[in-house]
Amino acid sequence: MAATPDPLLTVSDVRRDFGGVRAVDGATFTALRGRITGLIGPNGAGKSTLMGVVAGAIKPSAGRIEYDGADVTGLPPHRIARRGMVRTFQLSAEFARLTVLENLLVAAPAQRGESLWGAELGRLYWGAGEDVLVGQARAVLDRFSMAPKEDELAGNLSGGQKRLLEIMRALMARPKMLLLDEPFAGVNPTLAREIERYLMDLRDEGLSMVMVEHELSVVERVCDPVVVMAQGRVIAEGAMADVRTRQEVLDAYLIG
Amino acid sequence: MSDAMQFYLSTLLIYLFIDVMGVLGLNLQFGVAGIINFAYIVFVAVGAYTAAVVSLGPDFPGNFQHYLFGASWPFPLPILAAGAASGVLSLVVGLISLRRLRSDYQAMVMLVLSLIATLTATNATGLVNGPAGLANVPQPLFDQLGLPPLEYQWVYAIWAGLLTALTFLFVRGITNSPLGRTLRAMRDNDRAAAALGKNITALRLLIFVVGGVIAGISGAVFVEFIQAWSPGSWLYPETFVFLAAIIVGGSANNWGAVVGALLVPVGFLEATRFLPQDFNLFGRHVVLFSGLVDALQWVAVGLLILVFLWFRPQGLFPERPGRFTPRAAIASAGKGE
Amino acid sequence: MSQLVPAIGFGLITASILAIAAVGFTLQFSVTNILNLAYGDVMTASAFAAYIANHAGVDIWLSLLMAALFGAVFSMLLNRFVYFQFVRRGTRLFGMIIVTIAMSLIIQNVLLAVFRPTFFSYEVSASASYTFAGMILTGSQLAIMGIAVVAMVSVHLLSTRTRLGKAMRATATNPGLARSCGVATDRVIDVAWLLSGALCGIAGVVLVLNTATFSEVTGANFLVPIIAAAVLGGIGQPYGAMLGAVTIGLASEVAASVINPSYKDVVAFAILIVVLLVRPQGILSEVASGKEVAA
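Chains as they are written, first to last, in my numbering: chain A, 1 to 256; chain B, 257 to 593; chain C, 594 to 888.
So here's chain A without its partners, still in its complex pose:
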């Protein structure tokens, strides 16, 4: 691991208002390369909104977001995703009427058959690329033990399998950084443990992540460092062991 901190994502003083309500009120933090940064805090702290802002789905009212050495503030979500920062959603966001395999294939960037004329040129033009993608998708499915489900409609999967599908799909988009919004929500404990292990493996292979999570025991095992939010602000940043003893963090959880 790098000796000097190497930030991949830097969020500076980001604000977001909804009408009169300030959901995010000057949030600042950095996420390092090759780490899983935890984003924690009580309900309504603005974590999901901040994730939405970072991913480009919600426009910030003010502030600056730097990713991989470039300013990405206010870029639309697809441009941010194409730079390698890919998010998952708090509620399941599977493509319900596509098969599991199709869900993965969709995510692959820059497909030849995705333009109008590329599509019309037919399989001769895009077939070879498609076969390569199918190979990659099957490898991902195998790794996450989902190979038997590849022809299942995504809408028919269980809640936990849908979460897994979202992570697999995000991997197909060739990310450098994953933004995971409560990846364990609604997942049974066994599967949750498996997902946890997958995420740590991915980190060890060099993938960076920011993860919103409620379950602090998971955060403790997986995330380093953690960023604590309350009432739209970042109130603490550091290793979980340090952060959890700080008075302002305890206050936030007790009051929030």
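Wrong hints could be hidden among the right ones.
Sample of chain A residues at the chain B side, in silico, Cβ under 10 angstroms [to be verified]:
id : residue
1  : F89
2  : R123
3  : L153
4  : A154
5  : S158
To be clear, the hints were calculated from the coordinates, so they are not data collected in a lab.
Ideal Cβ positions, reconstructed from N, Cα and C, are used throughout, including at glycine.
Starting from the structure of chain A, add chains B and C where the hints point.
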């Protein structure tokens, strides 16, 4: 076969081809890409008007009808102009409505657009001759071919069939490709598609324009056949006839669109157009007032939509996910569960 | 200038009719998330109900009340036995729009089949005309404005001062939460449809009182300005709908007097487009934008 029967059958066949084209275009927008276009019939109408006015001769003061752009263009320019006009209009409407509006607002704006287009065409008499509409639209190559009417009509049926086949292949090229898969993903969850790097605004706009061009061409083929076009031919419920065809046939399935067109606009509406207006029922002479059959048809279309949405929302030919993935994928289908 | 004053008078009447109709339309969306495109046809059906009563010798104003009752019950039944059933079966927003359009086709054409394609009018005793600041208004027109004001004030009082109103707003914002807080959401929804249906019925009759004759498409033809007013104010916002109604009513009548009366609705539509380009969520839209984020 008698000449009258041949006329009837060839007419029905031409209507079928035109309706198949129209339904394929709307199915691409609605079934595949999830775009709600309640103004679809307007794009059919614009194609029809465009083909009509550019193939009619220049307007003159004593003319019985008044319009813009009379140009006597020869075949096949009017059809190309129709596709281009509808495509450009789609681009403009799409740029305004698809970019920033929430989808329920989009739906409302499209419906209102449809009503407004009718109002404008009806009131602006100098544009496309107001409520009376255009008549005497020249049939393509009628003089050059020099065929008797019945034979000409069969030739026209073949021509319409050819265009329909091309449309089908073009639409299938989209639906059976990575593009089609991405469109269906966008339909199922547009935010997730955007989060995976798909430019959903551009994709929606693309399909809105492609569907619009198909609508325009179908309108042109229609007007060059019946040789007349007026606001009464494209009132907003006509879009729902196409939607009903999609719901019955099967959303996001091209063969479903063909079957839907065969069953709803052709089988259901054209066939009943020839019901007798008066008949004897249990010895009593019954005379139907004009418009009653039409009214009952619309009631039936409404009921048909409700019945299908209730009992079989996926239609007669449901969407077939994953069907263009390579053979190996299909072979392993049995492994699931 | 001399042209403008009567146009403003007409504009206020149109705005009054629109306000009644648009508030009912928007209420249905806010409480049940249904864009009821059969709304115009329920207006027409109510107008026919008043017509039957009126031609059976009932005074027109009493007929209006009966039409309100008819609209209320009809709308409530429509929601309970058709729309709600589809929602429960999992039909989503656009499926629901198509369901309402199917109902629109059915209602409109059943009316056509029953009443036949002719024009109908009410028996209204001739009333004196009144002149205000250069505007000449008939007694009926004054009554229409009065009805609109009473209806709007009632809606306002109902939604802010009563438990029912609060329950309705709670159901509109978050039905799940409202239910777990002990609000009987099913009953609230029934009441909301009764109320919006009554507004719909009143709107149908006053619309006909203003235009003098009607047919099976009268209500459906009025749907454009209703949608324009509701969308302009932000769909689901009663006060927005009132504001939209005044804007659309005045602007379209004034524009009609300046340009050409047949372009009234075109003007309404143009205003709608321009406003949506500037504010894609409508004028009063905080709740709407919050919904988008939560979606």
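Each hint, compared with the structure:
1. F89: holds (7 angstroms)
2. R123: holds (8 angstroms)
3. L153: Status holds, d = 6 angstroms.
4. A154: Holds - the Cβ of A/A154 comes within 10 angstroms of chain B, reaching about 8 angstroms at its closest.
5. S158: At about 13 angstroms, which exceeds the 10 angstroms cut-off, the nearest Cβ of chain B leaves the hint on A/S158 violated.
Hint 5 from the list above is the single one not met by this structure.
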